[in-house]
Amino acid sequence: MATPTYDLIDSVTLSATATSVSFTGIGSDHRDLVLVAQHSASSQSYLSIRFNDDSGNNYPIAWMAGVSTLATSNSSDSYDRLLFTQSYTNTQDNQWVMQILDYAQTDKHKGVLIRQNEQASGYEHTSATASRWESTNALTKIQIWPNYTLGSGNFTIGSTFYLYGIAG
Amino acid sequence: MSLVLLGILNSQAAAAGAAGAYDLLETQVLTSNSASVTFTGLGSYTDYKHLQIRAVAQANTSGTNILNLNVNLNSDTGFNYAVHRIYGGSSTVQSAANTSRDSLIVWRACTRNADGYAPSVTDILDFSNTNKYTTIRGIAGGYASSEKTVALSSGVWMNTSAVTSISFTNNGAVDLTAGSRFSLYGIKGA
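Each protein sequence line maps, in turn, to chains A and B.
Residue 135 in our numbering sits at position 135 of the first sequence, with consecutive numbering throughout.
Residue 3 in our numbering sits at position 3 of the second sequence, with consecutive numbering throughout.
Simulated from the structure, these hints should not be mistaken for lab results.
For each residue, glycine too, the CB sits at the ideal point set by N, CA and C.
Be aware that a few hints might be false.
Stated by the list, open to error - Between beta-carbon pairs, the in silico distance windows are:
#	chain 1	residue 1	chain 2	residue 2	range
1	B	Asn129	A	Gly56	37 to 43 angstroms
2	A	Ser76	B	Ala173	27 to 33 angstroms
3	B	Thr38	A	Asp10	43 to 49 angstroms
4	B	Thr46	A	Gly158	37 to 43 angstroms
5	A	Ala71	B	Asn159	31 to 37 angstroms
6	B	Thr46	A	Tyr46	27 to 33 angstroms
Model the full structure from these sequences, guided by the hints.
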């Protein structure tokens with residue numbers, strides 16, 4: 001029996017600049033989450049994401065990117081946030097799709113996969129990132145900042161964030 | 001800019017309001033270790049153009065690196081597959097291809113039993129079209145003591161038969177552990 005899914009849970013379209021965007025009260029009605037974002041920011045930095053306000057070193061990351069003619073990659077065992085490249089200026093969009101699998105399962109860490117691209121002049125790139133939230137808590141909150149130094153920059157007006165749930 | 005994976009996912013997002021455009025068809029969550037996970041009877045899903053498998057997978061073995069998921073279509077274990085992948089996580093991005101293999105590969109999509117479960121999302125395109133070979137592509141990533149990797153994989157089954165079954169194993173030739181989950185989705189086309 002087919003079950004229609006890919007359900008819109010919540011969305012944010014900024015009508016004013018914001019230092020971060022949050023989705024809270026995420027229920028356990030689905031198996032996976034997909035976050036689709038298109039945004040720009042007030043300065044160039046790394047995008048920072050935390051789940052459930054967890055600021056511990058619980059986010060290992062592996063990433064690869066193609067930047068102009070250069071292909072590069074790296075990894076880290078333990079960041080205090082999920083971190084990846086992000087918008088350059090307020091006229092250059094950053095787009096990404098983040099998959100969070102088994103987000104509400106309390107017997108597993110949460111696998112995260114991201115595809116991202118950006119049209120920043122002189123820094124055009126595409127990237128893929130894998131991460132894992134090393135927690136067995138059900139994920140109930142996602143908070144996204146446009147900068148590595150939290151609160152130091154803004155998402156610009158018109159930035160959009162859509163959160164979907166997928167049954168499984 | 002041509003970003004196929006991002007494109008299809010954004011297309012799905014844009015179409016989310018159209019009821020039944022993206023449907024959960026089946027889920028298998030292993031309650032005990034198993035050598036493989038197989039979806040059969042896919043010929044009955046004539047309403048759909050593409051398939052997607054969303055999985056978290058773990059192999060019942062120890063070790064320091066990440067394993068791959070092997071994918072066989074219609075129980076074909078002949079050397080009728082070609083595969084490609086690009087992956088990163090160390091200081092360099094690497095790529096590789098095999099023009100003749102006995103399975104498709106979702107690269108680095110199966111961690112070992114001390115390393116959690118590796119997530120993957122794999123698309124099987126035009127799975128019932130008998131005028132062309134069937135292609136897949138996937139994204140996956142995992143963590144092990146000696147390896148942290150994100151990978152994009154693609155491949156082709158050099159056969160024009162409609163896909164009626166999909167089977168997943170791992171290249172360690174060991175069981176997938178209990179808790180591994182494979183969900184099959186159908187995506188409608190015009």
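Status of the hints after comparison with the structure:
1. Asn129(B) with Gly56(A): 37 to 43 angstroms: Violated, at about 48 angstroms.
2. Ser76(A) with Ala173(B): 27 to 33 angstroms: This hint holds: roughly 31 angstroms between Cβ atoms.
3. Thr38(B) with Asp10(A): 43 to 49 angstroms: violated (36 angstroms)
4. Thr46(B) with Gly158(A): 37 to 43 angstroms: holds (41 angstroms)
5. Ala71(A) with Asn159(B): 31 to 37 angstroms: At 32 angstroms between Cβs, range holds.
6. Thr46(B) with Tyr46(A): 27 to 33 angstroms: violated (46 angstroms)
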